[in-house]
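> First to last, the sequence lines map onto chains A and B. Counted from 1, the first sequence has number 180 at position 180 by the numbering used here; the numbering is strictly sequential. Just remember that the numbering used here sits 1000 ahead of the position in the second sequence, which is counted from 1.
It cannot be assumed that every hint is accurate.
[Claimed, not checked] Straight-line alpha carbon distances no greater than 30 Å define the calculated DSBU-like cross-link-like pairs of lysine-lysine that follow:
(1) A/LYS425 <-> A/LYS330
(2) B/LYS1294 <-> A/LYS127
(3) B/LYS1366 <-> B/LYS1470
(4) A/LYS252 <-> B/LYS1294
(5) B/LYS1457 <-> B/LYS1137
(6) A/LYS38 <-> A/LYS439
(7) B/LYS1297 <-> A/LYS252
(8) B/LYS1038 <-> A/LYS252
(9) B/LYS1457 <-> B/LYS1308
(10) A/LYS197 <-> B/LYS1294
(11) B/LYS1137 <-> B/LYS1171
(12) B/LYS1203 <-> B/LYS1137
(13) A/LYS239 <-> A/LYS425
(14) B/LYS1297 <-> A/LYS107
(15) B/LYS1289 <-> A/LYS331
(16) A/LYS76 <-> A/LYS197
(17) B/LYS1038 <-> B/LYS1049
(18) A/LYS197 <-> B/LYS1297
(19) B/LYS1294 <-> B/LYS1366
(20) B/LYS1470 <-> B/LYS1203
(21) A/LYS107 <-> A/LYS143
(22) A/LYS566 <-> A/LYS621
(23) A/LYS127 <-> A/LYS38
(24) A/LYS127 <-> A/LYS184
(25) B/LYS1289 <-> A/LYS107
(26) A/LYS107 <-> B/LYS1470
(27) B/LYS1366 <-> B/LYS1308
(28) A/LYS439 <-> A/LYS252
(29) A/LYS184 <-> A/LYS239
(30) B/LYS1308 <-> B/LYS1470
[As the list claims (entries may be wrong)] Only part of the chain A face toward chain B is listed, based on derived beta-carbon distances under 10 Å:
(31) ARG209
(32) THR220
(33) ASP251
(34) SER270
(35) LYS331
(36) GLN343
(37) HIS345
The set of hints was computed from the structure by calculation and includes no laboratory data. Owing to the predicted nature of the structure, the values given are computational and were not obtained by experimental measurement. Glycine is no exception: its CB is placed at the ideal position from the N, C-alpha and C atoms.
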Amino acid sequence: MVRALTVRPLVVAAALAAAPAALADTGNFDISGKIYTKYMYQNDATQGCLSMSNPFWVDNIGGHNGVCTEFELNIKARVGPRVSAGVRLQSRWGSMWQDWWENGDLKPGTYDTSGESLGMNHAQYIKLRGAFVRMAPPIPTVKWVTIGSTDYSMWNEWTIGKARYIDRDNGSGVFIEGDVLPGKRLSYTVGAMALPKLWAGPGWQTGLRNNDPLASVYGTDWAFAAKVESRPFEDLRTKLVGSWLQDWEADKNSPFLTGRPDAARGADHSVALSTRFRGLNATLDATYTPSWLEFLSVTGLAAVSSNYVNPLYATNQVRNGQGFSPVVYKKNIHGEAVASVGQAHKVLVEVFDPLKTGLSAKLEYFNIGSEYNAVMGSRREADVLLTEGMVTGGFTRGGQLPTLNIANEFQDWDEPWYESCIGWKGATLLLEYVQGPLKATVEVTGIGYNTNMQGRDVDFQYPDFLYTHGFTDTTAFTADSDYANVYDRGRDPRSVYAEYQDRRTGLAVANVQYAFTGLAGLVVSGKVKVADDLDRRRIANPSDDYHGKMLMLFGTLSLQPTNELKTTLGYEYSRWSEANREGSETAGYYDSRTRRHTARAGFTYAFGGANLGYTLEYFHKDLLRDPRAYYNMLWNVWRSKATFEVAW
Amino acid sequence: MRALKTASLVLLVALSGCGLEGFFGNITHSAYDRPASKISGRAAFDGAKASALTVATIAGAPQTPFQATIDGAGNYELRLPSSQYPLLRTRYRAANADLRIVVAGLGAEGVAGAMDFDAEHITEGLIFEARLSADGKTDADGNITTPISPAAFLGLRALVRQDFQKAGPAKDLLEMVRRLLTNYDRFSLVNEAYFFRAPVVTKAPDGSFTVTGSPLDNSWLVRYPFDYAGLGTTQASSLLFDQKLAEVARTPLYDPAGCPDLTRVRLVFTVDFRAGQNNGSCSTVDRFKWTTDKPGKQMFFVGWVHEKSTIQDPATNTALGASTPNTVPMYDDGTNGDDVPGDGIWTVTFDVPRRDPMAPTDTTRKLRIGYKYTWGTQGVPWTGTEEWPGNSRILEVVDDNGDDIVYRHDVYGDESTNKDNANLYSGRLPPGVSFGGSIDWPTDLHGCGVPESHENKYDYATCSCGPYPKPPTSVGPINVACTAP
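Isolated chain B (complex conformation) (with noise of 0.2 Å):
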């Protein structure tokens, strides 16, 4: 009995401190995972393996899985980096069979399942890629050259879910594919497959569509003819196939392209961390005068609600970060919305109300907030990492020229431009313009035509007023499905 209380009591010393804590506490803990964000689905090819399982960007860009695996029953899952993703495709591709899926909405530990390789897939990919290839929009390895929005594809997806239910050339074309499908030779080692190949479409001038590139190899079918059009008859060319395609992609509420969400407006950042430009009085910014450099330094926005904002959404606010520093990372990588991975800007979108939620009849309402950029590490506090102590940048978010986005470009640590208080612009004031240090949200300090709280159209290279800045090539319009023709 003494032994076991000495024990005991032994123990409990050897417990108090001494970094058994975090022993005790973590001796049963399995690492996280990576966070990620994922695709999975079914590519069930009974007895043929895939020599390829890949994920890019619509646009081609290649996306890099930090891990793919691929079970014996054919479920795969592709773990990308977690961040915000654009439209991706993902490519299966075994035997003599090359297939497409698109996936969208993928977002920072986001993850899309049921993305199977299946008919139905296969197939609203290849009418969202025939019909961006006959508006002009591919490049000639079926690559899309202009960002197309998620919401504006997963309207398109919902439509032609809807058809595919019903009889009609979307059925019929889906019934098609599904045919074609079960045609995968297992054994085959063919280069190049005989199914599905990116689509070439031209538009007349009469709108009609013609299939000029088919998905489907021609000699395959000479050589192996069959009925994949369901006529009873044995096709030995892709006539029938193009036809059908041709005809759904030409469907007018197909449009991958979209039509504007009248109710949100894309709000994008960039900034510019590069040393030696000039801020808004024409000189040159002292990035670090008030903001201390260390390594693993990054570059984070911090935004809220202005007070002064007649639309008040705390969803809004909590995205923009809450006035709280260092907890929305912007990019510089080339990924959500960059344009140039390392080139010193950054970048950062939000989606926000273009009217207020609460009164979305009443167009006279607008959102102002205030932002900062802070250059530190994930989750510390304001000092040493903020462009300058107190004060704010202030935004008004109007579509001045109408592209359907907000883009603000701004360089860090400038204190001549939007900056409320204690503004430090020493340029020339435009007539009638008054300036004591602030701003208000009307002022225009620039003399560019447009409030400084506004989309700037202040050039800082050349000093002068210019054209709008054009945002960043990745960002598109917040798209959603058109409803009308």
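Okay, chain A solo, but in the shape it has when bound (with noise of 0.2 Å):
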């Protein structure tokens, strides 16, 4: 027996070493991991380490106190020459270090003391994130074809846009790139898109039954796209991309479906599909920059959109979802379902330092039409317009994304605030000036509203998202608590539809940096924002205009001592002033004023490939209103976040 075991390793050591090319070529991997770390505080009762998660369904990962950690691990082949393929594993995010002997399961409806009670959302297993394989063939045209996981990045905005980052290999599809002539004159891009299920159709989901009990199928919805780009000469380039979505159901009607199976009633053992939702875009862009004319850039885009919402399979939201919806469900004047068609366009000129003295301008003038929807554009991390908008202030960044189906969730409270500019027109000039450590910037904007309307129907097509007035107060934007706006932070950033409009908008914008030498890196800068918000509203009504007007004051020094560390001090102060902002027709309206003080303390340490960041925030907020109708409010929160992170 003792021998027997001393020579069966050596069999089978033997053996292997005689096996044929069955070894890995670790040459041909490209492995890389991250850790990455999240602690976050505020005084209140939450805990979790996402400010802001969904706000509608279920959802154990929110909340504001906790330390979180996820791990990520990149493989990346080089299969041949022409083929290489890659796939991204990381662990669940929601797990914080309290969160001992998690390890998934749920037991709902029983009173369960073991701990072990969250599910998997805390049991920071190890899930396929992301998959591709990328490949050459020696077709024709074709330079390349991924099959397989993608941020949708090839496309744009109006279309089509980039995944968020959280959802950046959520997205799978397959992709043909290829040039049909040399030179970049002539080149082309198709894909085929799984639909994600839970966002981009009416109700914010292709046919989840428990969501929309008119819906069942989504594993049938594709969405394809097109992109032609050209550069005819040096001096021109152009780009045309197409989407179309196509959201199918079963035709409940089928009758396979609807009884026996005989033959004679023309049930033949196949289910035809039908239309539940259809969304098409499309843009024609180009960018002239006349080489006789260095400084000069001219950037033109129009764009076009139809969006087709069946109500056999699609409950209507506007009329039972509060008037929440991605859609707009538009009848004609039969009463039948029909395309909501939009328009927009876009020209941007801009001169860069023409006089050689650092100052540069920039004009852009924008029109975007009533119902201009991108269903599945850029839900965040874009900006398709020149102006800071509405939305952002001090802190907060943000962008305007011409989409109903915008996304201020998964986020944290330090994260950047977009806003729908569907109905939008008029023009922005920015002004710039460097010289030397100096950098100031001045923005005027006047905007005016295609959506514009007396007496629209918000009752069952346009979706006004309910709050359709009012400054959006980001900083104390919660979505756990607050997600039917009880603590009034004023309009919704996707709201662009109320029954009674009669709006335009003016805002200006100065910023100014200076980074002094030799004082350890300083760096001072400055920002001032004024707007002026005038909505008639039901223009027979003189008294129910809204007109709010805000004034923001905004400052920041920054320190770098070391190579290594870096600290920021700020603050910023907030002054609304908002005639008639709550209230209705029929109970009047009511002003409110608001004053907000916010002031951040922060450092970040990179040192050798880990980063070490972390932020304070103590604001405070006096919304004063109207004693008549409503009582007044208070803020004194504290917060911070530290993130933490590894890569090798």
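If you follow the hints, you should be able to join the two separate chains into one complex; please do so.
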């Protein structure tokens, strides 16, 4: 027996040594890893590591107190000279350091004292997040074929936009890129993408039975897109992008589904598909940079959209969802469902320091139709307009996007905010002066609204997102307890339609930044923003006019005493005076005033591949409302966020 | 040529997946029409627009068509949600006329065509209403208060139509109706139509009929007398019409209730799906012991002709579901025999052979079936939807109480009554009954005097034997036209 045990490993080893070419060639592999840890504190009663998770479905990862860690492993393989592949594996976000023992158990409906009750969201399991194969087959004109996960960044914000960071490899599809003519004179990209079942369609889903009793099939839903790019001569670049979202449902009246499989009924063991939602978007844009006038650049874009919702398969969320909907449920005069069609145009002229004095200028004209809607356009982390817009502040960054499907969720309190610019028309002038350590910009923007209308149907057709007026307070915005806006945060950033609207907005922004030399990298910057927002609402009612005035002052001071350490200190003051902000046509409207002081202090420390960051914020807000109708509110909020990241 | 090849190759690649099959397979697809039970015919009254085109059960319950059309030529179509409908009455109201016709035998995705508002349909309907009124089976509004078998009505219609062809009172009445129909006033805007109202008829002890509520408006006839009787004299009252109607309605064979079908019997199942119900052992049933509950589920019946049945009928086996789960829906929406919508008691009915079709004179042969209830969605398999895995309920189709209906009422998930094997009955056994966890066809488990496999007399609420429960009120026996008075 002893002899056998001794001999057997030797035999196995010899066999392995003689095995032909079965050894892994690690030279073909590129493996990288990352550990990311986030710490959060806030003086409230929540726990978790995400300021704003989804407010709608049952979620147990959102909250403001806790520490969480995730691990990511990327493996890329070079299969051959023209074929590569890769995967990303990552642990599930949501488990806190305090979550000892959590193992994925979820026992709904039971009184569970085990401490193992939070389900897979807290189990830190490793999940396949993305997988792709990329190859360059010898097919004429074809450069690359990609099959698998991608972030859809090959299209644009007006059609199918780049997926937000957290969804960066949730999308999968098949893509073909190629050149028809050399020198980039004519190239193309086509793609077919699986539609996300949860957000790209009426009711923010494409066929989840529990979300919409009229729909139940999502595995047949795809988006298709094509892009043609051309640079006919050196100074001109043009791009044509078209996208088509197709949400199918099984035709509920297919004979095979509605009765016995009797051939006489026409039941032939097949089920036809009917359109639940169809979204078409197309853009043509061009950039002209004349070589004979190097400081000039002109960019233009024209876009069209058409979104059709079939009411037989999509519950009307304007009527049944309190006006929260990423699509318009358009009807014609006969009450029949028709496509909501819109157009958009934009021209940007940029002049880069023409006089060599450090002064540059940008002028943008924009005209976005009242029903232009890129349902699968960028939902955040992009910006289509030059203007600061309304939603940004001092600490708060952000942008404007031409969709009702904006996602200000799954984010922390220090991340950017986005607002819908559907219906905006106007112009922005931006002057920039750079001279040595000084950089200054001034922006002036005037906005009118194509959505201005009297008696718009916000009961059945146009979603108003319930909160149509008031400056949006992104600082005080929380998703968990304030989903119903009980804390009066103002306009929903997606709200572009109102029953009565006659609105115009003006805003001006000035930024200045000065970098001192020899003072430990001291940088001082300041910002002033003023806005005047007037909406006469119902023109026949002179006493319902909303008039909001904003003043925002902001300053920061940064020091970098060492190469590794950078510190920042900042303060923001916001004052909003808003006439007739809240109320209704029948009950009347009431004024409100807001004063908010926000202070932040923080640092970053980068050393040898490790990055540490910490931000502490305090904000004090007074919301003073008309005591005849509302009580006042007060915020004294401390919160902090730290991140620690190591990648290798 | 190369460009063509390239384009073809790219197209081929593009077609090979990515949802394009669905696109090309459905791009020309026009949405199927919603399955409907359709009633169509003509309602042609030159110049008079319909102020109402409605449909209701003969009991007066309105039915809502999801589509109602009437074209300029007077062709109408009513599309009701696809279902089994009892006898219906469609009503056409225009000018001074209010016309009703009876529609019989409208099934799921069925079509009742040629339901014209003509003299024949209207006359047969008046005879039908008058006879039921005389028999005390109508209320004050003319609604019929007893279930009438469509087969019985169709038999009545056949008899009446035969009599329309030959001289006699039926034909006389038909001609009167025909003349009356020519006297509508297209410009009339009367609130209550002059003709034809629901007749009210009384029956004397000697069997004679008297119309006490005429279908015709006498004040109208006084103002506009005409020769509706075809006697060459104008009539200023409804007297002759009423007399003729009474005479025709009392024709013995014109019995709308019909006579029992000697070849088939109505088989009715109801199952109680409410929480907290008792099983056959008088303990609370756990509905979801074996069944998974999910949104969108409903009750289905699944049955088959039992291997120990002396009647083996493939058509019956198919109708019962042929042991394929989740294909035969039950109803809790107030239709198809269900009494109360949404009360948690689901209903299904079948018409099954009373005798062996292959040996109709042999009265010893019985139909035996196995069955179960499933809580599922259309077409899904057994797992998670059946009352329990394996085994089945058994039923011998015998009309013990002689009401021409075999009615079985069950509680969902009950494993203590007519479940054949692994029966969990834990109550006291009646004398002489042996029980080893299985029942056989004659086993009288509860000692109610009838086998457990028959119509059940066991009362789940009181946990004791009771009278035979009454079948749903809208379910009647299978009656056919009488062939003798």
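> All hints are to be evaluated individually against the structure, with a verdict given for each.
Going down the list of hints, with the structure as the test:
no. : hint                    : verdict
1   : A/LYS425 <-> A/LYS330   : holds (22 Å)
2   : B/LYS1294 <-> A/LYS127  : holds (28 Å)
3   : B/LYS1366 <-> B/LYS1470 : holds (23 Å)
4   : A/LYS252 <-> B/LYS1294  : holds (20 Å)
5   : B/LYS1457 <-> B/LYS1137 : holds (29 Å)
6   : A/LYS38 <-> A/LYS439    : violated (33 Å)
7   : B/LYS1297 <-> A/LYS252  : holds (16 Å)
8   : B/LYS1038 <-> A/LYS252  : holds (19 Å)
9   : B/LYS1457 <-> B/LYS1308 : holds (23 Å)
10  : A/LYS197 <-> B/LYS1294  : holds (20 Å)
11  : B/LYS1137 <-> B/LYS1171 : holds (25 Å)
12  : B/LYS1203 <-> B/LYS1137 : holds (12 Å)
13  : A/LYS239 <-> A/LYS425   : holds (23 Å)
14  : B/LYS1297 <-> A/LYS107  : holds (22 Å)
15  : B/LYS1289 <-> A/LYS331  : violated (48 Å)
16  : A/LYS76 <-> A/LYS197    : holds (28 Å)
17  : B/LYS1038 <-> B/LYS1049 : holds (22 Å)
18  : A/LYS197 <-> B/LYS1297  : holds (22 Å)
19  : B/LYS1294 <-> B/LYS1366 : violated (38 Å)
20  : B/LYS1470 <-> B/LYS1203 : holds (29 Å)
21  : A/LYS107 <-> A/LYS143   : violated (51 Å)
22  : A/LYS566 <-> A/LYS621   : holds (29 Å)
23  : A/LYS127 <-> A/LYS38    : holds (19 Å)
24  : A/LYS127 <-> A/LYS184   : violated (39 Å)
25  : B/LYS1289 <-> A/LYS107  : holds (17 Å)
26  : A/LYS107 <-> B/LYS1470  : violated (43 Å)
27  : B/LYS1366 <-> B/LYS1308 : holds (10 Å)
28  : A/LYS439 <-> A/LYS252   : violated (62 Å)
29  : A/LYS184 <-> A/LYS239   : holds (11 Å)
30  : B/LYS1308 <-> B/LYS1470 : holds (28 Å)
31  : ARG209                  : holds (6 Å)
32  : THR220                  : holds (5 Å)
33  : ASP251                  : holds (5 Å)
34  : SER270                  : holds (9 Å)
35  : LYS331                  : violated (18 Å)
36  : GLN343                  : violated (26 Å)
37  : HIS345                  : violated (31 Å)
Taken one by one, the earlier hints fail for this structure at numbers 6, 15, 19, 21, 24, 26, 28, 35, 36, 37, listed in ascending order.
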